[in-house]
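Please model the entire structure based on the sequences and the hints provided.
Residue numbering for the sequence shown follows this note's numbering, beginning at 1 and increasing consecutively.
In short, the hints are calculated from the structure, not lab data.
For every residue, glycine included, the Cβ atom is placed at its ideal position computed from N, Cα and C.
Worth double-checking, as some hints may not be accurate.
Said to hold, decoys possible - Listed next, with one range per pair, are the computed distances between beta-carbon atoms:
| # | residue 1 | residue 2 | range |
| --- | --- | --- | --- |
| 1 | Ile17 | Ser50 | 34 to 44 Å |
| 2 | Ser50 | Phe20 | 35 to 45 Å |
| 3 | Met15 | Leu37 | 23 to 33 Å |
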Amino acid sequence: MNKASIKVEEQNKRMRIRQFFSPIDDRYVNGIWNTSLKAAIQEIQKKNNSGL
Numbered sequence: 001m002n003k004a005s006i007k008v009e010e011q012n013k014r015m016r017i018r019q020f021f022s023p024i025d026d027r028y029v030n031g032i033w034n035t036s037l038k039a040a041i042q043e044i045q046k047k048n049n050s051g052l
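See below:
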């Protein structure tokens, strides 16, 4: 590595995450929602409401 490339690397210390798009099957999304996410959100809401 030469000095020029080191300076460029020092300036670009922030990590960049690139967006990528991929098709997602609706059945897969619905399966995840029905099996875990929905129940987890409802449990959190119950715990939050019990403290009111």
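* Any hints this thing doesn't respect? Which numbers, in order? -> Violated hints: none; all satisfied.
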